[in-house]
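Residue numbers (the numbering used here), protein chains in the order written: chain A, 1 to 260; chain B, 261 to 504.
Honestly, I wouldn't trust all of these hints.
Said to hold, decoys possible - In silico lysine to aspartate or glutamate, EDC-like type, Cα no more than 20 Å apart, as pairs: (1) A:Lys56 with A:Glu121; (2) A:Lys56 with A:Asp40; (3) B:Lys434 with B:Asp456; (4) A:Lys52 with B:Asp350; (5) B:Lys338 with A:Glu44; (6) B:Lys434 with B:Glu444; (7) B:Lys441 with B:Asp465; (8) B:Lys338 with A:Asp132; (9) A:Lys24 with A:Glu13; (10) A:Lys24 with B:Asp356; (11) A:Lys52 with A:Asp132; (12) B:Lys434 with B:Glu422.
To be verified - Derived Cβ-Cβ restraints for the label pairs, each shown as a range: (13) B:Ser268 with A:Gly229: 54 to 62 Å; (14) B:Arg392 with A:Tyr51: 18 to 26 Å; (15) B:Asp350 with A:Phe249: 32 to 40 Å; (16) A:Ala199 with B:Gly366: 46 to 54 Å; (17) A:Phe257 with B:Gly366: 29 to 37 Å.
Simulated from the structure, these hints should not be mistaken for lab results.
Computed from a prediction, not measured in an experiment: that's the story for all the values here.
Cβ atoms here follow ideal geometry from the backbone N, Cα and C, with glycine treated the same way.
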Amino acid sequence: MSKMFSPIIAAREGLFSLAGTLGKMGIIAHQIGRRLFRLDFDHEEFWRNMYKMGVKSLPIVALTALFTGATMVVQAAPIVQRYGAQQLLGWGAGFGILREVGPVLTALMISGRVGANNTAELGTMTVTEQIDALRALAIDPIAFLIVPRFVAIVLTLFLSTLYADAVALIGAAYAGQALVGVDPSTFYNGLTSGYMGIADVTNGLIKSIIFGIAMGLASCHFGLAVSGGAPGVGRAVNATVVASAAGIFVVDYFVSFILG
Amino acid sequence: MIQIQHLSKTFVHPVLRNVTLRVPAGCLYGLIGPGASGKSVLLKMITALMRPDAGTLHVDGQDVLGLSEIELASFRLKFGMLFQNNALFDSMTVADNVAFPLRRLGQLSETEIAARVRERLSAVSLAEFAERIPSSLSGGQKKRVGVARATITQAPIIFYDEPAAGLDPVTSQKIFDLLRKEQETARTTVIMVSSDVDRLLTVTDRVGMMYRGSLVFDGTTSEAQTSEHAHVKQFIHGLAEGPL
Chain A
1 MSKMFSPIIA
11 AREGLFSLAG
21 TLGKMGIIAH
31 QIGRRLFRLD
41 FDHEEFWRNM
51 YKMGVKSLPI
61 VALTALFTGA
71 TMVVQAAPIV
81 QRYGAQQLLG
91 WGAGFGILRE
101 VGPVLTALMI
111 SGRVGANNTA
121 ELGTMTVTEQ
131 IDALRALAID
141 PIAFLIVPRF
151 VAIVLTLFLS
161 TLYADAVALI
171 GAAYAGQALV
181 GVDPSTFYNG
191 LTSGYMGIAD
201 VTNGLIKSII
211 FGIAMGLASC
221 HFGLAVSGGA
231 PGVGRAVNAT
241 VVASAAGIFV
251 VDYFVSFILG
Chain B
261 MIQIQHLSKT
271 FVHPVLRNVT
281 LRVPAGCLYG
291 LIGPGASGKS
301 VLLKMITALM
311 RPDAGTLHVD
321 GQDVLGLSEI
331 ELASFRLKFG
341 MLFQNNALFD
351 SMTVADNVAF
361 PLRRLGQLSE
371 TEIAARVRER
381 LSAVSLAEFA
391 ERIPSSLSGG
401 QKKRVGVARA
411 TITQAPIIFY
421 DEPAAGLDPV
431 TSQKIFDLLR
441 KEQETARTTV
451 IMVSSDVDRL
461 LTVTDRVGMM
471 YRGSLVFDGT
481 TSEAQTSEHA
491 HVKQFIHGLA
501 EGPL
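If we strip away everything but chain A, and leave its shape as in the complex, we get:
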């Protein structure tokens, strides 16, 4: 009898666990919001994280974006050649990159590099009592550690997406020239021909902000919730990567649906 119900019980427990995690993330969001409203956070820690998360991610973001743009053209090349639609290559690549591929792939890349690292750092600080030490020193860990990291993650993802969009378009333009013989100026004309609007750019950037919020909350929550020493840190990093990746796709669907 109990075997028959075990999948139902497991599903119920999974739902409770998800609700619990979302609830705790909601509490962290509230705590961050209150301090952000008062601008009560450590600015030095913020700039340190902007450098560590943002500036140091630039090479890997550029590499990913360059090849993503080129891959878009590789996929489109046979159709472009078959229908002689060289003038539309810029539009096609731009539409896909700016609306979807740029924000999503950049978010996944930043999630793996920045989100996981943030959880590992906070988790290590938790198990080595550094968070308790801050509180014992009358320092608010949310204002000192969490808000600067959260804001740095959101800004890093937003700026990285902008940067990745530009690099991916450059990659696509030069791959178009090499593979389909489309001149970069033709590619640029296709991109700016009027088929695309500002909404196609802002759509992707809005997504990047929402991805950043989800990733920042997940990585901070799992980092602060670590228990069980070093293995606990490993489990938390794993949970952050899985939750962030799944969250990015779920959020992507709903934001795409809402923004059209």
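Keeping the supplied structure of chain A fixed, place chain B upon it in accordance with the hints.
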């Protein structure tokens, strides 16, 4: 003075059971007991890092459990604390770790802070390690940095959680002697948790023993050393036979 009455806390199992304890001002109080007996939890309760399920807690006449989060922040300025794992901040140098509590207080200039840091690091014989990062230090050196940080604000109450854990006997005795000297000089109230009973008892005024979340003994150091209480006798003398 620290006054605890009927303090209880349960996580999955009870970790503190009806603990009543009084630590007089200016006393160096040693808290002993087997692992997982609730010693560290009790320290975290007193510093309001954890809240009990029941009981009362007064520090210098102030009802700690009645304080709001904002009041707690200023209340914690009364304390210095050395954590079991040292809890040094990995991203900062030794000097910055020690200076950190003073910088956050914002009452002294950078010159004054630097002078105080030099004095503290000299007191723990680590003056030449000021620019190193904690991960490059040995266990004993990290402990001493922790001691320097715990004492830099000249807080009237200091907690040391396992100040000699993992140290060799000589370094361990040096740390205990240093802490006693610091306590005598500043007349601070100190609670020290340690498994190194032999050395701990050379420096304490009073001793309490925790066992399974309960305080089973509270008395002077000489009373502890001559106690016939089965748990205390076995633990202090390291006997294999007994209730522990």
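For each hint, the structure was consulted:
no. : hint                               : in the structure
1   : A:Lys56 with A:Glu121              : holds, 16 Å
2   : A:Lys56 with A:Asp40               : violated, 26 Å
3   : B:Lys434 with B:Asp456             : holds, 13 Å
4   : A:Lys52 with B:Asp350              : holds, 15 Å
5   : B:Lys338 with A:Glu44              : violated, 26 Å
6   : B:Lys434 with B:Glu444             : holds, 15 Å
7   : B:Lys441 with B:Asp465             : holds, 13 Å
8   : B:Lys338 with A:Asp132             : holds, 16 Å
9   : A:Lys24 with A:Glu13               : holds, 16 Å
10  : A:Lys24 with B:Asp356              : violated, 33 Å
11  : A:Lys52 with A:Asp132              : violated, 24 Å
12  : B:Lys434 with B:Glu422             : holds, 14 Å
13  : B:Ser268 with A:Gly229: 54 to 62 Å : violated, 26 Å
14  : B:Arg392 with A:Tyr51: 18 to 26 Å  : holds, 22 Å
15  : B:Asp350 with A:Phe249: 32 to 40 Å : holds, 34 Å
16  : A:Ala199 with B:Gly366: 46 to 54 Å : holds, 48 Å
17  : A:Phe257 with B:Gly366: 29 to 37 Å : violated, 49 Å
In this structure, the earlier hints numbered 2, 5, 10, 11, 13, 17 are contradicted, and the remaining ones agree with it.
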